[in-house]
Amino acid sequence: MMQKFCDWLSGTWLSQLFANAGWFVPTVQTIHILSIAAVIIMLSMMNFRMLRITRSGPPLQNLAGGYVPWVWRALVILLVSGILLTITEPTRELMNNAFRLKMLMVIVLIVLTAIFSSALRRDPEYWSATPGRRVLGSAIALGSLVLCVSIVAAGRLIAYV
Amino acid sequence: MSVIDLMHALEHQPFAVAIAESTWLFPFFETLHVLFLTIVVGSVAMMDLRLLGIGSRDRRITELTRSVLPWTWTAFVFALSFGALLFSSKAATYYENIPFRVKMVCLLFAAVNMLVFHFVSERDVGAWDSGRPPLKAKVAGAISLGLWVVIVATGRWIGFTT
Numbered sequence: 000m001m002q003k004f005c006d007w008l009s010g011t012w013l014s015q016l017f018a019n020a021g022w023f024v025p026t027v028q029t030i031h032i033l034s035i036a037a038v039i040i041m042l043s044m045m046n047f048r049m050l051r052i053t054r055s056g057p058p059l060q061n062l063a064g065g066y067v068p069w070v071w072r073a074l075v076i077l078l079v080s081g082i083l084l085t086i087t088e089p090t091r092e093l094m095n096n097a098f099r100l101k102m103l104m105v106i107v108l109i110v111l112t113a114i115f116s117s118a119l120r121r122d123p124e125y126w127s128a129t130p131g132r133r134v135l136g137s138a139i140a141l142g143s144l145v146l147c148v149s150i151v152a153a154g155r156l157i158a159y160v
Numbered sequence: 000m001s002v003i004d005l006m007h008a009l010e011h012q013p014f015a016v017a018i019a020e021s022t023w024l025f026p027f028f029e030t031l032h033v034l035f036l037t038i039v040v041g042s043v044a045m046m047d048l049r050l051l052g053i054g055s056r057d058r059r060i061t062e063l064t065r066s067v068l069p070w071t072w073t074a075f076v077f078a079l080s081f082g083a084l085l086f087s088s089k090a091a092t093y094y095e096n097i098p099f100r101v102k103m104v105c106l107l108f109a110a111v112n113m114l115v116f117h118f119v120s121e122r123d124v125g126a127w128d129s130g131r132p133p134l135k136a137k138v139a140g141a142i143s144l145g146l147w148v149v150i151v152a153t154g155r156w157i158g159f160t161t
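In order, the protein sequences belong to chains Y and Z.
Take 0 as the starting number for the first sequence in numbering that gives the first Met the number 0 and just add one per residue.
Take 0 as the starting number for the second sequence in numbering that gives the first Met the number 0 and just add one per residue.
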């Protein structure tokens with residue numbers, strides 16, 4: 000069924016338009032990569048602070064307050080650029096296991112980011128209030144870092160799997 | 000021996016041949032190259048946006064630079080190393096590739112821009128560390144941001160032109 004959808008999509012005028020413009024895929028991929036860089040650096044700064052790898056600078060809730068809205072905006076850009084790339088080459092993305100794994104990991108990362116940041120908004124000291132919350136917050140931060148690395152790897156491996 | 004002869008000699012080295020002929024070594028190093036360059040570009044963009052007076056305005060420029068720059072440099076060394084390994088696998092081809100050459104020139108300009116800013120423009124940073132950055136800081140930030148966008152774009156183009 001997915002293959003049928005891919006075949007239909009690649010036959011549409013929009014897909015053909017994008018596919019025939021040689022500059023389109025590299026340009027959209029560049030925007031995609033720049034947005035990934037933004038997300039990774041912002042999430043890393045919060046995660047490193049939570050894990051106490053970095054200790055100087057503004058408190059965690061200030062970092063989150065400043066960066067998380069931009070993480071969501073960058074994710075929108077990633078979604079749009081990702082959709083454009085998928086429209087251009089449906090089978091390359093949708094039938095690819097590296098792509099599917101990447102999407103799963105992106106969803107998990109979004110959920111973790113939402114949980115982490117919404118708790119901080121309600122209570123700036125949430126993740127340091129008790130030892131248990133500190134462990135949970137650190138686990139989320141570590142998971143977020145691992146997911147960021149894995150998502151980049153999976154994204155590159157789409158071309159090879 | 001011409002440069003192109005040197006490039007051919009490089010790609011015939013055992014490690015370069017191994018990368019070129021292996022199904023997984025090139026993607027492996029490429030993935031690491033991309034991962035580290037996202038850290039470089041992201042952290043540089045963070046500092047450039049501060050110099051432009053757009054991002055991280057609540058942080059002093061020197062404090063932000065001091066905390067972020069070590070990560071930038073570390074990631075850059077790794078990105079450069081993995082990039083060199085990738086280059087070695089098809090040295091002669093990449094050497095003659097226009098996007099690759101543009102990328103290298105932009106990297107050089109980005110380095111010069113950073114050095115000029117650090118050794119010249121930043122000398123009186125005490126006066127504008129917390130407030131609105133002066134024009135010279137904004138120019139340095141804008142040039143750097145522009146160059147790194149071109150570096151990423153040309154890096155991507157290499158894969159489509161080789």
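If you're looking for bench data, these hints aren't it; they were derived computationally from the structure.
Treat the hints with care, since some could be wrong.
Where chain Z lies over chain Y, by a calculated footprint (3+ residues, C-beta under 8 Å) [what the hints assert, rightly or not]:
{"id": "1", "stretch": "80-86"}
{"id": "2", "stretch": "89-102"}
{"id": "3", "stretch": "144-152"}
What the simulated footprint calls covered on chain Z by chain Y, stretch by stretch (three residues with Cβ under 8 Å from a Cβ of chain Y suffice, anywhere in the stretch; the number is not a length) [to be verified]:
{"id": "4", "stretch": "42-54"}
{"id": "5", "stretch": "71-85"}
{"id": "6", "stretch": "102-109"}
Under 10 Å between C-beta atoms, here's a sample of chain Z residues computed to sit facing chain Y [to be verified]:
{"id": "7", "residue": "His11"}
{"id": "8", "residue": "Phe14"}
{"id": "9", "residue": "Ala17"}
{"id": "10", "residue": "Glu20"}
{"id": "11", "residue": "Val39"}
{"id": "12", "residue": "Ile60"}
{"id": "13", "residue": "Leu63"}
{"id": "14", "residue": "Leu68"}
{"id": "15", "residue": "Tyr94"}
{"id": "16", "residue": "Trp127"}
{"id": "17", "residue": "Lys135"}
{"id": "18", "residue": "Lys137"}
{"id": "19", "residue": "Gly154"}
{"id": "20", "residue": "Gly158"}
{"id": "21", "residue": "Thr161"}
C-beta atoms are modelled at their ideal positions from N, C-alpha and C, and glycine is treated no differently.
Worksheet entry | Within 8 Å of chain Y (C-beta), three or more residues of the stretch 71-85 of chain Z | violated (count 0)
Item to complete: Examine the stretch 102-109 of chain Z for residues whose CB is less than 8 Å from any CB of chain Y, and state whether their number is three or more.
Response: Contact hint for the stretch 102-109 of chain Z vs chain Y: violated, 0 residues under 8 Å.
Item to complete: With a cut-off of 10 Å on the beta carbons, see whether Z/Thr161 makes it to chain Y.
Response: Nearest chain Y Cβ about 12 Å off; hint violated.
Practice prompt. Would you check whether Z/Lys137 satisfies its interface hint, that is, whether its CB is within less than 10 Å of any CB in chain Y?
Written response: Violated: closest Cβ of chain Y sits about 20 Å from Z/Lys137, beyond 10 Å.
Fill in: Restraint outcome when Z/Leu63 is required to lie within 10 Å of chain Y by C-beta distance
holds, 8 Å
Practice prompt. Go check the stretch 144-152 of chain Y versus chain Z for me, would you? Three or more residues, Cβ under 8 Å, otherwise it fails.
Written response: holds (count 3)
Practice prompt. Verify the interface restraint on Z/Leu68: the C-beta must sit less than 10 Å from at least one C-beta of chain Y.
Written response: violated, 13 Å
Worksheet item: Per the CB criterion, is Z/Glu20 less than 10 Å away from chain Y?
Response: violated, 15 Å
Fill in: Interface hint compliance - Z/Gly154 to chain Y, C-beta minimum distance less than 10 Å
This hint holds: Z/Gly154 lies near chain Y, its Cβ roughly 8 Å from the closest one there, short of 10 Å.
Discussion item. Three residues or more, CB to CB closer than 8 Å: is that satisfied between the stretch 80-86 of chain Y and chain Z?
Written reply: violated (count 0)
Practice prompt. With a cut-off of 10 Å on the beta carbons, see whether Z/Lys135 makes it to chain Y.
Written response: violated, 25 Å
Discussion item. Using the nearest Cβ pair, does Z/Gly158 come within less than 10 Å of chain Y?
Written reply: Since chain Y brings a Cβ to about 8 Å from Z/Gly158, closer than 10 Å, the hint holds.
Hint compliance for this structure: hints 1, 2, 5, 6, 7, 8, 9, 10, 12, 14, 15, 16, 17, 18 and 21 are broken, all remaining hints hold.
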